[in-house]
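Top to bottom, those sequences are chains A and B. Each residue of the first sequence is one higher than the one before, starting from 124 at the first, in this note's numbering. Each residue of the second sequence is one higher than the one before, starting from 4 at the first, in this note's numbering.
None of these hints come from the bench; they were simulated from the model. Built from N, CA and C at the ideal position, the CB exists for glycine as well. Keep in mind that a hint or two might mislead.
[Said to hold, decoys possible] Here are the simulated PhoX-like cross-link-like pairs (lysine-lysine), alpha carbons at most 25 Å apart as the crow flies:
{"id": "1", "chain 1": "B", "residue 1": "Lys302", "chain 2": "A", "residue 2": "Lys448"}
{"id": "2", "chain 1": "B", "residue 1": "Lys105", "chain 2": "A", "residue 2": "Lys328"}
{"id": "3", "chain 1": "B", "residue 1": "Lys105", "chain 2": "B", "residue 2": "Lys45"}
{"id": "4", "chain 1": "B", "residue 1": "Lys302", "chain 2": "A", "residue 2": "Lys365"}
[What the hints assert, rightly or not] Residues from chain A shown here face chain B by an in silico Cβ test under 10 Å; the list is partial:
{"id": "5", "residue": "His278"}
{"id": "6", "residue": "Ile397"}
{"id": "7", "residue": "Asp403"}
{"id": "8", "residue": "Thr447"}
[Unchecked claim] Partner residues aside, some chain B positions facing chain A, computed with beta carbon under 10 Å:
{"id": "9", "residue": "Glu83"}
{"id": "10", "residue": "Leu98"}
{"id": "11", "residue": "Pro141"}
{"id": "12", "residue": "Lys274"}
{"id": "13", "residue": "Ser278"}
{"id": "14", "residue": "Asn279"}
{"id": "15", "residue": "Pro295"}
{"id": "16", "residue": "Pro297"}
{"id": "17", "residue": "Ile307"}
{"id": "18", "residue": "Leu308"}
{"id": "19", "residue": "Leu342"}
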Amino acid sequence: MAYKLLEVKDLVTRFYTPEGVVHAVNGMSFNLDEGETLGIVGESGCGKSVSVLSILRLIPNPPGKIEQGKAIFLGRDLLQLPIDELRHVRGMEIGMIFQDPMTSLNPVMTIEHQLAEPMVEHLGMSKRDARDRIIELLQMVGIPNPAERIREYPHQFSGGMRQRAMIAMALSCNPKILIADEPTTALDVTIQAQIVDLVNQLQDKLGMAIIWITHDLGVVARLVNRVVVMYAGYPVERASVKDTYGNPRHPYTISLLRSLPRIDMQREERLENIEGRPPDLFEEPAFCPFAPRCPFVQDKCWQENPGMRSVGENHEIACWFDVTKDDL
Amino acid sequence: MLVRCYQRRFVIRDVWENRRVKANSNTAKKNNEVIIRVENLKKYFPIERGLFRRQVGAVQAVDGISFEIRRGETLGLVGESGCGKSTTGRTMLRLYEPTEGKVFFGDVEVTALSRNEIRSFRPHMQMIFQDPYASLNPRMTVGDLVGEPLLIHTPMTSNERNEKVSELLELVGMNPRFSVRYPHEFSGGQRQRIGVARALALSPEFVVADEPISALDVSVQAQVVNLLEDLQDKFSFTYLFIAHDLSMVRHIANRVAVMYLGKLVEIAKGKDLYSNPLHPYSQALLSAVPIPDPVIEEKRSRIILTGDVPSPVSPPSGCRFHTRCPIAEKICSEEEPLLRQLEPDHWVACHLA
């Protein structure tokens with residue numbers, strides 16, 4: 124029985140901007156078990172990145188503010204932890220990789236210098252030991268000639284290589300959780316396939332749990348065990364990957380999957396589209412956030428925002444009604 | 004000269020007014036008439052160094068490609084970033100001057116037109132750009148943006164123009180009252196609709212859509228693709244649809260061309276290419292696209308290419324794909340493969356296919 128590594132409860136994050144209050148995350152909850160891979164899926168602006176950045180308190184404050192919630196990591200609430208203890212968690216116990224490796228690597232530091240930083244900081248390694256370990260890590264993530272290449276700067280690496288170096292850095296202290304925030308979005312499909320494969324192999328080898336944030340429902344299908352679908356700052360469906368794709372129960376998930384063209388199917392007719400667009404988040408809706416676009420919308424949806432409820436084993440949705448993909 | 008311009012304006016106006024009738028008769032015909040022919044098109048971007056801007060090399064973005072597009076069809080052009088697909092589209096419209104090669108639009112050699120001639124030829128061919136945030140002037144109203152091509156190319160009065168703008172906005176599914184607003188007031192999907200309306204203002208016959216949906220949210224992409232398809236049905240446009248999203252290209256394109264490092268490696272009907280890719284690069288590319296279905300993904304085997312795309316400044320000898328090709332042999336690094344027709348309408352540039 125795998126134990127619960129991270130438990131996020133009722134997380135609320137808002138941004139106080141001059142234009143108004145942005146309700147970025149409105150009650151996000153999820154669990155992450157040891158060694159599992161969780162996918163957080165949603166369109167841009169749905170709060171998937173903000174909710175994960177909030178857990179590590181990486182939200183710039185001001186304008187961002189974590190209003191409420193808990194993030195229990197191995198018995199400690201990360202949202203209450205003193206900052207010097209939290210620093211130890213970041214990078215050491217929870218590693219992170221980002222969408223654009225060029226902006227997350229420092230352009231004026233060599234790869235060696237950057238990768239050594241977390242190890243010197245967290246593990247108290249000497250620079251020489253760190254160098255040996257870096258060469259080992261770069262070899263592990265598939266960078267050819269690591270002994271030579273550690274003297275290079277990020278701009279001398281290609282996009283795929285930079286992401287590999289980022290992964291090596293995130294894994295350098297053997298974290299228990301790897302958070303991947305759209306790590307393949309900026310990459311071409313053939314490079315994306317390489318990175319997904321690499322992360323799969325590394326997980327088999329090192330056994331860390333992974334939170335993979337993406338808007339690409341295709342990537343998730345291959346990679347994760349469980350999926351949380353987010354919409355307008357709310358989680359709307361939580362299920363195993365098989366249920367999410369095979370038996371989606373939230374109208375948003377159902378419509379989204381239907382709107383995707385597929386490479387393995389020739390579709391002659393029009394794509395099903397979701398009318399309208401995602402809401403801006405300046406107001407906290409008093410009703411279901413998907414109601415304006417929902418094909419199944421009824422009176423009740425405009426009156427009250429449904430909370431998460433269980434519709435099957437490990438399958439929860441935020442919808443008043445029982446619909447399946449055959450209803451659409 | 005002035006007189007000539009003026010005459011041309013009237014010619015265009017006539018064309019304009021007859022377009023709808025013509026479009027309908029075209030749909031009825033739907034023949035295999037070739038509307039665009041590209042012959043050995045090359046576009047090199049010089050690399051200059053030093054005080055005297057001496058040329059030290061060239062980025063061989065597009066290096067000798069040839070293909071045809073038939074009236075009313077959608078040709079999908081796919082490939083990874085940096086393979087030259089956008090450069091191809093832009094060079095075809097003479098937004099870039101080609102280094103070598105010819106582009107024909109019907110009987111007109113586009114690449115031989117003078118600067119003035121190309122300007123008056125532009126109404127025939129238009130472009131939809133990738134980034135709806137960067138391609139619309141933020142200081143112009145929607146009405147001005149959509150009306151600008153009409154102002155330049157037609158002798159319409161401002162009332163006629165406003166009427167036409169309203170009609171166009173309605174056509175792309177936007178409220179005509181929005182014409183007094185500015186681009187920043189709209190979402191990405193709506194901005195792309197404005198871009199589409201602008202491209203269609205002069206009723207072009209050929210439209211290059213350069214990654215028109217890749218900057219949009221997933222749930223909005225389908226809306227824009229449906230719009231492009233509806234418009235094609237209505238006016239029988241010919242599209243060159245440039246994209247890196249192979250799933251969407253499968254949906255929208257009749258024929259698909261695959262590019263790698265400035266060369267065409269395969270061109271075929273959509274269903275032939277997707278069900279039976281013959282070039283090793285196309286095979287790898289298709290197998291790398293994830294399918295949103297965990298049951299299928301579990302069983303699917305993939306070809307994972309090693310390494311990155313080489314630099315187009317000094318591309319590999321022979322077949323440009325040989326450095327990453329899983330089945331490369333000696334000949335591949337020595338001799339450049341030419342496009343061969345292996346099956347009806349299915350062309351491949353590979354020695355071993």
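Measuring from the C-beta of B:Ile307 to each C-beta in chain A, is the shortest one below 10 Å? 5 Å, holds
Verify the proposed pairing of B:Lys302 with A:Lys448, using a straight-line Cα cut of 25 Å. 23 Å, holds
Are B:Asn279 and chain A close enough, Cβ to Cβ, to be under 10 Å, as the hint says? 13 Å, violated
Closest C-beta approach of B:Pro297 to chain A relative to 10 Å, hint status: 5 Å, holds
Does A:Ile397 pass the interface hint, meaning its C-beta sits closer than 10 Å to a C-beta of chain B? 4 Å, holds
Restraint outcome when B:Pro141 is required to lie within 10 Å of chain A by C-beta distance: 17 Å, violated
Should the hint that B:Ser278 touches chain A count as held when the rule is a Cβ pair under 10 Å? 8 Å, holds
How about B:Leu98: closest beta carbon in chain A under 10 Å, or not? 24 Å, violated
Do the numbers back the hint for A:Asp403, that is, is its least Cβ distance to chain B under 10 Å? This interface hint holds because 9 Å falls under the 10 Å limit.
Given a cut of 10 Å on the nearest C-beta pair, is the interface hint for A:Thr447 held or broken against chain B? Since the shortest Cβ distance to chain B is 16 Å, the answer is violated.
Holds or violated: B:Lys105 and B:Lys45, Cα atoms, limit 25 Å. 9 Å, holds
Status of the A:His278 interface restraint (C-beta, 10 Å, chain B): 14 Å, violated
Violated hints, listed in ascending order, are 2, 5, 8, 10, 11, 14 and 19; each of the other numbered hints is respected by the structure.
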